[in-house]
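There are 2 protein chains.
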Amino acid sequence: MAVQKPSIPKGTRDFLPSEMVKRTYIFDTIKKVFQKYGYLPIETPAMEKLETLLGKYGDEGDKLLFKILNSGNFLKDAQIVELPEESNKLAMQISGKGLRYDLTVPFARFVVQYRNDITFPFKRYQIQPVWRADRPQKGRYQEFYQCDADVIGSKSLLNEAELLQIIDEVFGSLKIKVLIKLNNRKILAGIADYINCPDRITDITVALDKLDKIGKENVIAELAGRGIPDRSIALLQPVMEIEGSAKDKTVFLKKLLAGSEIGAEGIKETEVLFGYVESLNMSSAVELDLTLARGLNYYTGAIIEVKARDVEIGSICGGGRYDDLTGIFGMPDVSGVGISFGADRIYDVMNQLNLFPGTVITSTKILFVNFGKTEAAYCLKVLNDLRKQDISGELYPDAVKLKKQMDYANARNIKFVALAGENEIPKGKVTLKNMDSGEQQLYSADDLVKILKQ
Amino acid sequence: MAVQKPSIPKGTRDFLPSEMVKRTYIFDTIKKVFQKYGYLPIETPAMEKLETLLGKYGDEGDKLLFKILNSGNFLKDAQIVELPEESNKLAMQISGKGLRYDLTVPFARFVVQYRNDITFPFKRYQIQPVWRADRPQKGRYQEFYQCDADVIGSKSLLNEAELLQIIDEVFGSLKIKVLIKLNNRKILAGIADYINCPDRITDITVALDKLDKIGKENVIAELAGRGIPDRSIALLQPVMEIEGSAKDKTVFLKKLLAGSEIGAEGIKETEVLFGYVESLNMSSAVELDLTLARGLNYYTGAIIEVKARDVEIGSICGGGRYDDLTGIFGMPDVSGVGISFGADRIYDVMNQLNLFPGTVITSTKILFVNFGKTEAAYCLKVLNDLRKQDISGELYPDAVKLKKQMDYANARNIKFVALAGENEIPKGKVTLKNMDSGEQQLYSADDLVKILKQ
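Order-wise, the sequence lines are chains A and B.
Sequential numbering from 917 applies to the first sequence in my numbering.
Sequential numbering from 917 applies to the second sequence in my numbering.
Think of the hints as simulated: they come from the structure by calculation, not from any bench.
Any given hint might turn out to be false.
As the list makes no split between identical chains, a pair holds if one copy fits it or if it spans any two.
[What the hints assert, rightly or not] BS3-like cross-link-like pairs, simulated, lysine-lysine; straight-line CA separation at most 27 Å: (1) Lys1319 <-> Lys1281; (2) Lys952 <-> Lys938; (3) Lys1163 <-> Lys1297; (4) Lys947 <-> Lys921; (5) Lys1331 <-> Lys1317; (6) Lys1349 <-> Lys1297; (7) Lys979 <-> Lys1005; (8) Lys1297 <-> Lys1366; (9) Lys1320 <-> Lys1331.
Predicted model, so just to flag it, every value in this text is computed and none were measured.
Please model the complete structure; the sequences and the hints are all you need to start from.
Have a look at this one:
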């Protein structure tokens, strides 16, 4: 076969060891907090049946699913189509599986499938890659990890409060300063009621969501363009102009939305949640942002979005409450609430702000230089004693030039190099070189353990 | 949309929390040992270009690749084929990516692609799922994890020795008693030379590999069936009958294969490797098994296979040396050696022998019962103090009947339940119930920390 120049599909990534240790640091931090709050791990397969995935993410989402070609003679049950126009029809005949698009729909499927094996309220976390056939661009990948925590089977707002605590603790541990933005889908519905456009909530929220980016004038223009009547837009203006604390805003909204039952419910929930936030003494700022909508249509209550304060980047965590996610799989009326951390953006933020602790990047503690068979055999014994004490170390496998071995130690960030030759071996000792200071000294094997244990 | 009965594709699996914690225990144990010996983590994408994967696993392997349908109008460059006979031709026109089949080929691709970024000898580990469109059956899945460690860029047999140590330490940590079987591809080539069938090494090894299972007579029949001449089979008989220690076997082989250069080389390597094994004081038995061949054609030196001693199951770890894996990607003559742990079989062995430590299965330490708003607010404060001390705990989110909350604690294996009502709150205390002993006692929040820290 001809020699291939190796490469990977567009939008996918390899991770070198230097990246892996940093990513692992992020995942481990998130995992530890999830566990501390009682969330249990699950995993689902990369491939789901297409029927599980289709229709859950809108038409756009359906197009972004990676479909897997059926195995064997995949055309045997296919009808001839007029190529190439009817490719979608053919796709469904020759593909029955797709790669998971997010962790939420597989989780809903999981909850229904194992409803008799799990205890409700079920608090689960899941950290796995997802795949989307999006056009690759800077910061957008076709394969990326999601880190989700959800509680399903409880309507209590204590769950929302707990997820906010988790957000606060995760970003506190990672030393990322964040602003947590809250809103409530019911308030948005109340606003739509109030301006007499109850059916236009999607148009209204899509436009409102852009207020930060494009400004009030342009939002008004967009609303008009979407066919919202002028009188409704006029009613909406004060909402766009509300300033102040969450308390100020809810007091104001209470009057404004007095006529909307769902609006009043949303305000009540928001008050309770902010009450918890106050009593919980969180480090992160939490703000009520009435323009926050988030794209996903399945949210029915609280909406959560987290932004880094010191880096201009999209949201690094988000979530909300959904009242009927499992309905489509035959289990109606089960309320849930969840959040999802975006590991890739968190990685970018930490890299930019230089927040990874130095200890994350370290390698093995010690490299034994290989001077030849006899010396290697001696070193291997000393090294194994160190390993028994859980000290990580290596013996260079080949008796090549000393410089090459020292270069290896440097490239690998190994702090100590041990040398043992005719001076050391008869005395049962090794010369230890500190690669940072350049200092070197003779030690017995026992002393070596003590020094490296530090 | 109609209600769907949820299920997952055949041959794939969901993992419930009780399974996840056990699997994580295995992965963490393996990872810790890899790191101790200086192996660095990498990850590669689930999807590789089909050209990277095709032709690397034989015709059988090519058929078992999961192919991903190109996005969008995937038929636009496809030629009309006579359906359904020419499905393979069409497959290559409508699919450019496949799911990774193992970790070795992606690793070879990775090494060549990043040759200027990595330091050789490169010791890497990789723990990720792989996908094979195999017919699902008991213990064989379409998605499963591999845990690989490889050293590339060094011909030293110290690498083989180190990998044996890793095997010994991993299974020692997991408390699985194993037998490590070794062989050398060069010895097998030498045997083929000796019986005057140098070109028939594959037929010979495939038949020899079955000696354990089907016995000598049947192996002889199979060899004859594969067209090996009777005189060659007669010469092979003493090889099938060799018994004794590795030393006995190499002494015997030295005479037998004296005429084969490659055979002599294989014996020499085996002697050196067994020399290391002796000096390393490993706990596992290591045996020279001349019938060991392993299916993969890319091995060129040592071959390694590990069996559990107390459970009848296939190999739970395997590997070997390959001299030119990266050649196909344009980087010839780079020798490597690696091993792969089979996490699924290890899981089965540990489950059967009841080897998972009790601590693996535990959950959060404490559940606070929810009696209503005021009590919940009080408990939340106490709970948060515990969490600050890194004690995991939960507050039941809803003020439902006590029995339901206690059932939850039981189902979740939570050892302590805390109750705080009108008796406890005014005194700043909580009643702690030990769910194992049934004992309950009044404690201050400070004492709670002490008890739960134990």
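Checked hints:
1. Lys1319 <-> Lys1281: within (19 Å within a copy, 53 Å between copies)
2. Lys952 <-> Lys938: both (21 Å within a copy, 18 Å between copies)
3. Lys1163 <-> Lys1297: between (68 Å within a copy, 23 Å between copies)
4. Lys947 <-> Lys921: Answer is neither; intra-copy 38 Å and inter-copy 31 Å both fail.
5. Lys1331 <-> Lys1317: Answer is within: at 19 Å inside a copy they meet the 27 Å cutoff, but 59 Å across does not.
6. Lys1349 <-> Lys1297: So lysine 1349 and lysine 1297 pass the 27 Å test inside one copy only (19 Å; across, 51 Å).
7. Lys979 <-> Lys1005: both (13 Å within a copy, 24 Å between copies)
8. Lys1297 <-> Lys1366: within (17 Å within a copy, 42 Å between copies)
9. Lys1320 <-> Lys1331: within (16 Å within a copy, 55 Å between copies)
The earlier numbered hint that this structure contradicts is number 4, and it is the only one.
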